[in-house]
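**Q** Letter by letter, the chains look like this.
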Amino acid sequence: MTFSAWMCSAAAVLRKDLLVEFRTRAALNALLLFAVSSLVVVSFTIGADALARETKAAFLWIVLFFSAMVGLSRSFVREEETKTADALRLAAPPEAVFVGKLLANLATLALVEVVVLPLFFGLLMAECRNWPLFLLTAALGTLGVAAGATICAALVAKASSGGALYAVLCLPILLPVLISAVNATAAALTGAPWAQAAGDLRILLSYSGIVVTASLMLFEHLWTA
Amino acid sequence: MLWLRLANLSKSFDGTKVLDSVSLRVEQGTVLSISGRNGSGKTTLLRIIAGLLRPSGGSVECGEGDEPPWQPARLRRELGYVSPDLALYESLSARENLDFFARVRGCTRDPNELLDYVGLGGRGDEPIGSFSSGMRQRLKLAFALQASPRVLLLDEPGVTLDEAGREVVVRAVAEQRPRGVVLLASNDPEEVALGDDVLRLDV
Numbered sequence: 308m309t310f311s312a313w314m315c316s317a318a319a320v321l322r323k324d325l326l327v328e329f330r331t332r333a334a335l336n337a338l339l340l341f342a343v344s345s346l347v348v349v350s351f352t353i354g355a356d357a358l359a360r361e362t363k364a365a366f367l368w369i370v371l372f373f374s375a376m377v378g379l380s381r382s383f384v385r386e387e388e389t390k391t392a393d394a395l396r397l398a399a400p401p402e403a404v405f406v407g408k409l410l411a412n413l414a415t416l417a418l419v420e421v422v423v424l425p426l427f428f429g430l431l432m433a434e435c436r437n438w439p440l441f442l443l444t445a446a447l448g449t450l451g452v453a454a455g456a457t458i459c460a461a462l463v464a465k466a467s468s469g470g471a472l473y474a475v476l477c478l479p480i481l482l483p484v485l486i487s488a489v490n491a492t493a494a495a496l497t498g499a500p501w502a503q504a505a506g507d508l509r510i511l512l513s514y515s516g517i518v519v520t521a522s523l524m525l526f527e528h529l530w531t532a
Numbered sequence: 008m009l010w011l012r013l014a015n016l017s018k019s020f021d022g023t024k025v026l027d028s029v030s031l032r033v034e035q036g037t038v039l040s041i042s043g044r045n046g047s048g049k050t051t052l053l054r055i056i057a058g059l060l061r062p063s064g065g066s067v068e069c070g071e072g073d074e075p076p077w078q079p080a081r082l083r084r085e086l087g088y089v090s091p092d093l094a095l096y097e098s099l100s101a102r103e104n105l106d107f108f109a110r111v112r113g114c115t116r117d118p119n120e121l122l123d124y125v126g127l128g129g130r131g132d133e134p135i136g137s138f139s140s141g142m143r144q145r146l147k148l149a150f151a152l153q154a155s156p157r158v159l160l161l162d163e164p165g166v167t168l169d170e171a172g173r174e175v176v177v178r179a180v181a182e183q184r185p186r187g188v189v190l191l192a193s194n195d196p197e198e199v200a201l202g203d204d205v206l207r208l209d210v
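Read top to bottom, the protein sequences are chains X and B. Reading the first sequence from the start, the letters are residues 308 to 532 in our numbering. Reading the second sequence from the start, the letters are residues 8 to 210 in our numbering.
Read the hints as simulated data drawn from the structure, not as lab findings. A virtual CB, placed ideally from N, CA and C, is assigned to each residue, including glycine. Among the hints, erroneous ones may be present.
[Claimed, not checked] Per label pair, the in silico range of CB-to-CB distance:
#: 1; chain 1: B; residue 1: Gln78; chain 2: X; residue 2: Asn336; range: 39 to 49 angstroms
#: 2; chain 1: X; residue 1: Leu478; chain 2: B; residue 2: Asp92; range: 32 to 42 angstroms
#: 3; chain 1: X; residue 1: Phe310; chain 2: B; residue 2: Gly72; range: 53 to 63 angstroms
#: 4; chain 1: X; residue 1: Leu442; chain 2: B; residue 2: Gly72; range: 40 to 50 angstroms
#: 5; chain 1: X; residue 1: Thr309; chain 2: B; residue 2: Arg116; range: 10 to 20 angstroms
[As the list claims (entries may be wrong)] Derived DSS-like pairs (lysine-lysine); straight-line CA-CA distance at most 27 angstroms:
#: 6; chain 1: X; residue 1: Lys390; chain 2: B; residue 2: Lys24
#: 7; chain 1: X; residue 1: Lys390; chain 2: X; residue 2: Lys465
#: 8; chain 1: B; residue 1: Lys24; chain 2: X; residue 2: Lys465
[What the hints assert, rightly or not] Where chain X lies over chain B, by a calculated footprint (3+ residues, C-beta under 8 angstroms):
#: 9; segment: 56–65
#: 10; segment: 109–115
Could you build the full structure based on these sequences and the hints that come with them?
**A** Quick look at the structure:
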């Protein structure tokens, strides 16, 4: 299979996943419900003034992490539960399935952030003093969370208690990206210089690169018999 | 000349042996029926050949002439599979399903032509969640035939089909014969009779 044909396969998986999600809204509703309710509850109970900028940064990534836990495991579990996984295995190259699902999860998380970030700044009265750093951290952190969450979803899809296993498996795998994303976001909120966040940005970039590369190498063994 | 060879194929589930040293070789133009009581391993055998299940022992090889056996990815591309366990996307229409699988396979066969072939020509835009079990079975047949496979694996292909649907299966088997091999697992005497030979798994 040529590279362009492979890319077409991945794009078809992405398009199909988004179409199915648009029609069923199974993951998106769960993700948004968790994220919005968490932000609203914290803002009305603890209050925006009581939280330091570093705490707000940590809270933002906790919300995004658990939102991902709620919704992204569905990407592979749904294929197994509805017995469509075999048809996909027969028709699509394994790596194209992984890339298509990674991009679909990335798009879902990005859509959640479009709703969550304005709420975060509005309800928690968060003030950002370095927008380019904040946006770069959000982009790299989202890529890292999506990459780790996608390969974990593939790992637990065949397990009988996949949902419970998913969060347990994801936490240690996503911990490096969460710590770095929180540090870099805190730096952006406090207006720290770029140099202070450079190490965390390097970790975020490296993490995504390593996880995506390792996943592409391992996925065929997870996905096929 | 296409050939498919199973060598000492075995499969156990939790210590229960389902397949025990199954060996056979079929060549292009052959339709092999596989029969046996429930639990005799018909579906397991076809799933192993399709690459959906790993055997406990033995091997599956497929190739052409004196060339080396195909790699698993090549066999997957050349394979069509219908099974009661297989499902397509309920929230997509029949045409969207076939269009999606055509894109991921990189094949250019027109979904409308396939829908007409299996008798779903006027129902292509309906979500398959609203389809009857017979209509779903016809769509699975279209899915299996989409990439013009050389190896066609049919597991209970006529189940839930009406008379017209069964005629589609008979036509598909006849058209597949010169192109490659067909393995058809069934206990329906009419379907078993489509084969040139019968492999009985419970003896």
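**Q** For each hint, tell me whether it holds in the structure or not.
**A** Hint check results:
| no. | hint | in the structure |
| --- | --- | --- |
| 1 | B:Gln78 - X:Asn336: 39 to 49 angstroms | 42 angstroms, holds |
| 2 | X:Leu478 - B:Asp92: 32 to 42 angstroms | 34 angstroms, holds |
| 3 | X:Phe310 - B:Gly72: 53 to 63 angstroms | 29 angstroms, violated |
| 4 | X:Leu442 - B:Gly72: 40 to 50 angstroms | 59 angstroms, violated |
| 5 | X:Thr309 - B:Arg116: 10 to 20 angstroms | 19 angstroms, holds |
| 6 | X:Lys390 - B:Lys24 | 25 angstroms, holds |
| 7 | X:Lys390 - X:Lys465 | 11 angstroms, holds |
| 8 | B:Lys24 - X:Lys465 | 22 angstroms, holds |
| 9 | 56–65 | holds (count 5) |
| 10 | 109–115 | holds (count 4) |
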